[in-house]
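**Q** Residue numbers (the UniProt record's numbering): 1 to 176.
Take the hints with a grain of salt, since some may be wrong.
Stated by the list, open to error - Simulated DEER-style distance windows between Cβ atoms:
{"hint": "1", "residue 1": "Asp72", "residue 2": "Lys49", "range": "17 to 25 Å"}
{"hint": "2", "residue 1": "Asn19", "residue 2": "Asp97", "range": "31 to 39 Å"}
{"hint": "3", "residue 1": "Asp114", "residue 2": "Gly62", "range": "32 to 40 Å"}
{"hint": "4", "residue 1": "Tyr131", "residue 2": "Arg52", "range": "31 to 39 Å"}
{"hint": "5", "residue 1": "Glu125", "residue 2": "Asn84", "range": "29 to 37 Å"}
{"hint": "6", "residue 1": "Asp114", "residue 2": "Asp61", "range": "27 to 35 Å"}
{"hint": "7", "residue 1": "Gln101", "residue 2": "Ser80", "range": "12 to 20 Å"}
Keep in mind the hints are simulated off the structure, nothing from the lab. Since the structure is predicted, the reported quantities are computational estimates derived from the model, not experimental observations. Where is the CB? At the ideal position from N, CA and C, for every residue including glycine.
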Amino acid sequence: MSLQEPSLYTVKAILILDNDGERLFAKYYDETYPSVKEQKVLEKNIFNKTHRTDSEIALLDGMTVVYKSNIDLYFYVIGSSHENELMLVAVLNCLFDSLSQMLRKNVEKRALLDNMEGLFLAIDEIVDGGYVSNRTLSPLRDLGRGLTIIIIIFLAFDTAPYHVFETSESASYGKV
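With the hints as extra help, turn the sequences into a complete structure.
**A** So, in structure tokens, the structure goes:
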């Protein structure tokens, strides 16, 4: 087994599809799928595999796909199979949160189509030529520190929630 060379976090593609699987936005950052025909086939395959599931990640054709749906839109961030899933989710969340703020929490097809220039700007700020911006990943560093603190607090105080269950005759205590 050989060690992989260190590299920058990269994204292969970002897609936004409607609830019929039709492309509203697609940006490919490498030549894995050079023709529009190949891209459309990939998009159909991804949509068919993901549109009826509640999970947030899929492996397809040697790629890692993270996705999120909202009303009538499906957002996808695609990376290679060895790419860090947390990084891809950070990109997806950053994109969705940016659009949510731009569209005043009205993230749906009509609003998105009316504000495509904002979408282009947001994506160009999040991913530049396939490389993820450091600003996009900074919440991951904060998340790691926050989770460590939360775990320490839970272990120190054994904070399993206790609730009082009252009946007509008496009150009993129990762990939930």
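**Q** Cβ-Cβ distance between Tyr131 and Arg52: within 31 to 39 Å?
**A** Taking Cβ atoms as reference, Tyr131 and Arg52 lie about 33 Å apart, which means the hint holds.
**Q** Is the gap between the beta carbons of Asp114 and Asp61 within 27 to 35 Å?
**A** Hint holds: Cβ distance 33 Å, inside 27 to 35 Å.
**Q** Range first: 17 to 25 Å. Now tell me if the beta carbons of Asp72 and Lys49 are that far apart.
**A** Holds, since Asp72 and Lys49 (Cβ atoms, about 19 Å apart) stay within the stated range.
**Q** The hint says 32 to 40 Å between Asp114 and Gly62; measuring C-beta to C-beta, is that right?
**A** holds (36 Å)
**Q** For the hint 29 to 37 Å, verify it against the beta carbon of Glu125 and that of Asn84.
**A** For Asn84 against Glu125, whose Cβ atoms are near 20 Å apart, the range 29 to 37 Å is violated.
**Q** Given the hint of 12 to 20 Å, is the C-beta distance from Gln101 to Ser80 inside that range or not?
**A** violated (30 Å)
**Q** Honestly, do Asn19 and Asp97 meet the 31 to 39 Å range at C-beta?
**A** violated (21 Å)
Checked against the numbered hints given earlier, the structure breaks hints 2, 5 and 7 and satisfies all the rest.
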